[in-house]
Amino acid sequence: MTLNSIFFILFSITLILSSVFSMVSKQMIYTLLWAMLVFLMVAGLFLLLGATYNSMVQFLIYVVAIPVLIAVSIMLINQRGQNNQLFKRKYSLWVLIGIFFLILIIGEFLSLNNDFFEIIRSCSVYVNPYSDLYSITRNLLGVYPVLLLEFAAGIVLTIVGLSYYGK
Amino acid sequence: MLENFSWFILVPVWISILIMGARFLDLPFSKRNIVLLSVFSTLFSAIYCGIGLFYTFNNSPVEMMFNFLSIGEFHLQLGIYVDMLNTLTGLAVSVITFVIYVYSVFYMNNEKSFSRFYSLMNLFNSTILAFIFSPNMFQMLIFWEVVGAVSYLLIGFWYDKPKISCDAKRVFLVNVIGDICLFIGFISISAFVIAVTGDNSLASLPFSNLNLIVTSLWAATSPFFYTAISILLLIAALVKSAQFPINSWLINAMSAPTPVSALIHSSTLVMMGVFLLMRIFPIAVSNLITVKLMISLGVITAVITSISALFQTNIKKILAYSTSAQLGLVMIALGCYNPVAGIVYLISHAFIKALLFMCAGIVIKTVNNKNILFMGGFRNNIPAAAICFIVGAVALSGLGFSGFSAKSLLSVSFCTSPAPSLLFGFVGMLTTLYIFRLYFIVFENKPAYNAEEINNTINTKLYKLAYFAIIFMSLVVILMTFVLPKGHASLMYLFNILMIIAAYFLYNNSLRFKKCQLLYNIAANGFYINKFYYWAEVIFYKYFSACLNFIEIYIFGGIEYLIKNTLLSLSNGLHKIQLNNFQIYITYGIWILIFLMCVFISIYLFILNLFGV
Amino acid sequence: MGNSIFHCVTTYNYQIVSLILFFVGLLGVTLSRNLIKILISLEFIMNAVNLLFISFASYKSEQAYLGYTLVIFSTGMSALVLSVGIYFAYILHKKFGTIDVIKIYDKYKETGKC
Chain A
122 MTLNSIFFIL
132 FSITLILSSV
142 FSMVSKQMIY
152 TLLWAMLVFL
162 MVAGLFLLLG
172 ATYNSMVQFL
182 IYVVAIPVLI
192 AVSIMLINQR
202 GQNNQLFKRK
212 YSLWVLIGIF
222 FLILIIGEFL
232 SLNNDFFEII
242 RSCSVYVNPY
252 SDLYSITRNL
262 LGVYPVLLLE
272 FAAGIVLTIV
282 GLSYYGK
Chain B
592 MLENFSWFIL
602 VPVWISILIM
612 GARFLDLPFS
622 KRNIVLLSVF
632 STLFSAIYCG
642 IGLFYTFNNS
652 PVEMMFNFLS
662 IGEFHLQLGI
672 YVDMLNTLTG
682 LAVSVITFVI
692 YVYSVFYMNN
702 EKSFSRFYSL
712 MNLFNSTILA
722 FIFSPNMFQM
732 LIFWEVVGAV
742 SYLLIGFWYD
752 KPKISCDAKR
762 VFLVNVIGDI
772 CLFIGFISIS
782 AFVIAVTGDN
792 SLASLPFSNL
802 NLIVTSLWAA
812 TSPFFYTAIS
822 ILLLIAALVK
832 SAQFPINSWL
842 INAMSAPTPV
852 SALIHSSTLV
862 MMGVFLLMRI
872 FPIAVSNLIT
882 VKLMISLGVI
892 TAVITSISAL
902 FQTNIKKILA
912 YSTSAQLGLV
922 MIALGCYNPV
932 AGIVYLISHA
942 FIKALLFMCA
952 GIVIKTVNNK
962 NILFMGGFRN
972 NIPAAAICFI
982 VGAVALSGLG
992 FSGFSAKSLL
1002 SVSFCTSPAP
1012 SLLFGFVGML
1022 TTLYIFRLYF
1032 IVFENKPAYN
1042 AEEINNTINT
1052 KLYKLAYFAI
1062 IFMSLVVILM
1072 TFVLPKGHAS
1082 LMYLFNILMI
1092 IAAYFLYNNS
1102 LRFKKCQLLY
1112 NIAANGFYIN
1122 KFYYWAEVIF
1132 YKYFSACLNF
1142 IEIYIFGGIE
1152 YLIKNTLLSL
1162 SNGLHKIQLN
1172 NFQIYITYGI
1182 WILIFLMCVF
1192 ISIYLFILNL
1202 FGV
Chain C
260 MGNSIFHCVT
270 TYNYQIVSLI
280 LFFVGLLGVT
290 LSRNLIKILI
300 SLEFIMNAVN
310 LLFISFASYK
320 SEQAYLGYTL
330 VIFSTGMSAL
340 VLSVGIYFAY
350 ILHKKFGTID
360 VIKIYDKYKE
370 TGKC
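Chains as they are written, first to last, in the working numbering: chain A, 122 to 288; chain B, 592 to 1204; chain C, 260 to 373.
The shape of chain A in the complex, shown without the other chains (with noise of 0.2 angstroms):
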């Protein structure tokens, strides 16, 4: 028993747990916390895998500006008597049906005696020793300028947004 894997029960099991509890809470709020819980476990999965940079990035972004831009929104709208629940549809367990089978599936697909599945199934995680920001930014701004195009449509979705709120 490693620590790696003490730390990745940890992590999966209080990532499933908050999920679970942030979509079942009826107060918005409280699944606004539970969500961060969420996002903070995701960055430590990816730390455990040795994605530092994105562990980074998700951090910045999912567990500090995404919440206050949804907590903001939360106050705004601030309705009281809203039907936060689940399960109040009525095809939800159709849904629920559906994705116990879906599991099923996957499952049964997973398991299927196959060398392919055989190597995923016993692949361990091979944890970079060095720092892979020098790969990653030459790789975003030099070989695939991503970040560029994501400014560019982040600068037209506001403009688009804030032309449609003019009126």
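Derived from the structure by calculation, the hints contain no laboratory data.
These numbers come from a predicted model, not from an experiment.
Here a beta-carbon is modelled for each residue, glycine too, at the ideal position from N, C-alpha and C.
A hint or two may mislead.
Below, in silico cross-link-like pairs of lysine-lysine (DSS-like), each with a Cα-Cα straight-line distance of 25 angstroms or less [said to hold, decoys possible]: (1) A/147 with C/353; (2) A/209 with C/362; (3) B/961 with B/760; (4) B/1155 with B/703; (5) C/366 with A/209; (6) C/366 with A/211; (7) B/1122 with B/754; (8) A/209 with C/368; (9) B/1122 with B/1133; (10) B/908 with B/956; (11) B/1155 with A/211; (12) C/366 with A/147; (13) B/1122 with B/760.
From the derived model, a few chain B residues whose C-beta atoms are all more than 10 angstroms from chain A [claimed, not checked]: (14) 659; (15) 668; (16) 679; (17) 707; (18) 789; (19) 806; (20) 817; (21) 869; (22) 957; (23) 1010; (24) 1110; (25) 1178; (26) 1189; (27) 1197.
Take the given structure of chain A and dock chains B and C to it, following the hints.
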């Protein structure tokens, strides 16, 4: 001579059309003219029938026909055919109709629709003459139906009374059974005969070629089909002559006016069935099963209806049951291969029964009631009716006049073995008993009504007309004795006289036989034949239709409901897809994903198995 | 699978966790009526996908950077989409007075305009 003028027999047709046209066009056509036209037309046809009778003694039958319907090679011909049987029956019908036209003036004088009555009676007379003088079986079939329809109109003459209209409908519908049987029988005879001979002139089955038809029918059919055809024809005759399984319609038909009963339900209409059997005698009696059926049904009818007549209280129903019984005897005579006795008894019975009905009509008109318990002592009020009734009763029981000769002629056919003779004697004794019971209760008992009420109505001119009619009829009955061959008295005669004495002691001033409650109930209800039909048909039909209704509603309706609801839920599901609700899209997406993954996995496993991995 | 999770953590375990997170998100997207909750559930799904990507990237270390890069792009994109979605939620609240999707739909059906 006769060839050119034989159409004159059907003179009443034109009179009927004339009266109906006058009614329709609202012409001023007085009662007197209507009656005179009707009476002289039927007298004319009677005279012409008499001439035809004398003519056909020495000559071969006359046949006159014209094409009525031509379909390719097939020619349906209508026309007239004159032989002994025709003219004899036609003469009887014409004479009876003549007398009853005179009598109807008395009975129907106060009716509003007097001219309708006479036009219908003329129509009936003309159609039955057309039936009797029909040259081929298809004309017989056509006028068989028409006579049924006209008798429906006559029975429902007072159609504004619900019970009478219901009775008329019932009689008509019961007679349709016989119509259908006759139709099937004639059509199949025609088909078989054409199949063998290939001669299209035989398609309408003319009576002049009856021997050829019978032999080719024998050649064409298997024994089963021959039996089936002859039994079908027998059923038609049984229905029309009110024989055992279907005899109850005659009782329902008694709600008609009394002249109609006297004309139709005593002599002419019920004669049609027996007349049909006589017309096609070779076909009907050449099969042993049919003959046995004929005899046994005749026996059952004679016994049952005689017993029923003994316990009735309605004067017309007694006479109706009596008619059924006498026709049963004729049916037995036909089954015993004695058609001459049959026709003689039939015609003499027609006159006698018309006479009895007319006497009963006078009585009914006097007290305005049909129940014999409200009558009595009419010998003093209307002595002519009493005397004529005695004449009719004596003739009916075979003690004298035409009935004596006819009955002794008929008894010859029963001499083959002791059992039919005993039966014949038994029925004869019962006949004597019930007809003299009627006489004693109606004419001899103490009056059960207030005598002052009826004194105003009798002894008018109309009554004299009615007296003329019944006296004429009783004279006919008496004179027929000299025409018929002489009869011979037997031991039966003594028994019948004893029965008269028994009737005097039993029914004069008392009403016995009511103490035997079981027999009384059975016989007064006509052996529950009507009840049986009610249970067998109406109740059965009711429950059968309830079952069908159940199937209709719960099985077919359930299938419909299932289809409807399946389609409805399907379309509701499809409607939900069309809504702008992405959450439901996702739900469908999950299920589509499941389906696709199942398909992919099965394809994957199939490929794995294919390469043996 | 001789090795238990306590002995050695494989990428397979990460993938299963991501699958569970994905299904929880799917449940929330499908069943919740609150629009903001739906958006949060969408983020769960995005995170599950990111986790899957990273776990697959960790399988082969030489080309892991490519996966990491894609995940950064995906993270930014999903954050942007979420902000726009919240903006729409706010507009809908201003318009209809509610962010319950069923009520919004009913009101849309009544008025016939958005």
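Taking the hints in turn, this is what the structure says about them:
As the CA atoms of residue 147 of chain A and residue 353 of chain C are separated by approximately 23 angstroms, the hinted pair is consistent with the 25 angstroms bound. At most 25 angstroms may separate the alpha-carbon atoms for a hinted pair to count; residue 209 of chain A and residue 362 of chain C meet this at roughly 14 angstroms. Simply put, residue 961 of chain B and residue 760 of chain B have alpha-carbon atoms about 22 angstroms apart, close enough for the 25 angstroms limit, and the pair holds. For the proposed pair residue 1155 of chain B and residue 703 of chain B, the alpha carbon gap of about 59 angstroms is over 25 angstroms, so the pair is violated.
At most 25 angstroms may separate the alpha-carbon atoms for a hinted pair to count; residue 366 of chain C and residue 209 of chain A meet this at roughly 19 angstroms. Annotation: proposed proximity of residue 366 of chain C to residue 211 of chain A holds, straight-line Cα distance about 19 angstroms (limit 25 angstroms). Between residue 1122 of chain B and residue 754 of chain B the alpha-carbon distance is near 17 angstroms, which keeps this suggested pair within the 25 angstroms criterion. Restraint check: the Cα-Cα separation between residue 209 of chain A and residue 368 of chain C comes to about 21 angstroms, which is no more than 25 angstroms; the hinted pair holds.
Proposed proximity of residue 1122 of chain B and residue 1133 of chain B is supported: the alpha carbons are some 15 angstroms apart, at most 25 angstroms. Of the supplied pair hints, the one linking residue 908 of chain B and residue 956 of chain B holds, its CA atoms being roughly 16 angstroms apart against a limit of 25 angstroms. Taking the CA atoms of residue 1155 of chain B and residue 211 of chain A, the gap is near 22 angstroms; set against the 25 angstroms cutoff, the hint holds. At most 25 angstroms may separate the alpha-carbon atoms for a hinted pair to count; residue 366 of chain C and residue 147 of chain A meet this at roughly 24 angstroms.
Under the criterion of a C-alpha separation no larger than 25 angstroms, the hint pairing residue 1122 of chain B with residue 760 of chain B is consistent with the structure, at around 17 angstroms. With a least beta-carbon separation of about 75 angstroms from chain A, residue 659 of chain B lies farther than 10 angstroms from that chain, consistent with its non-interface assignment. With a least CB separation of 79 angstroms from chain A, residue 668 of chain B remains clear of the 10 angstroms interface cut-off, as annotated. Chain A leaves residue 679 of chain B outside its interface by the beta-carbon criterion, the shortest separation being 90 angstroms against a cut-off of 10 angstroms.
No Cβ of chain A approaches the Cβ of residue 707 of chain B within 10 angstroms, the least distance being about 73 angstroms, so the stated non-interface status holds. Even its closest Cβ contact with chain A, about 77 angstroms, leaves residue 789 of chain B beyond 10 angstroms, as expected for a residue assigned away from the interface. Every Cβ of chain A is farther than 10 angstroms from the Cβ of residue 806 of chain B; the closest lies at roughly 83 angstroms, confirming the non-interface assignment. For residue 817 of chain B, the shortest C-beta to C-beta distance to chain A comes to about 73 angstroms, beyond the 10 angstroms cut-off, and the non-interface label holds.
With a cut of 10 angstroms on Cβ distances, residue 869 of chain B stays outside the contact zone with chain A, its closest approach being about 83 angstroms. Its beta-carbon lying about 86 angstroms from the closest one in chain A, residue 957 of chain B satisfies the requirement of being farther than 10 angstroms from that chain. With 10 angstroms as the threshold on Cβ separation, the claim that residue 1010 of chain B sits away from chain A holds: the shortest Cβ distance comes to roughly 86 angstroms. The Cβ of residue 1110 of chain B sits about 76 angstroms from the closest Cβ of chain A, beyond the 10 angstroms cut-off, so the non-interface label holds.
Not every CB of chain A lies more than 10 angstroms from the CB of residue 1178 of chain B, the least distance being 5 angstroms, so the non-interface label is violated. The claim that residue 1189 of chain B lies off the interface is violated: its Cβ sits roughly 7 angstroms from the closest Cβ of chain A, which falls inside the 10 angstroms cut-off. The Cβ of residue 1197 of chain B lies farther than 10 angstroms from every Cβ of chain A, with a closest approach of about 13 angstroms, so its non-interface assignment holds.
Of the numbered hints stated above, those contradicted by the structure are hints 4, 25 and 26, listed in ascending order.
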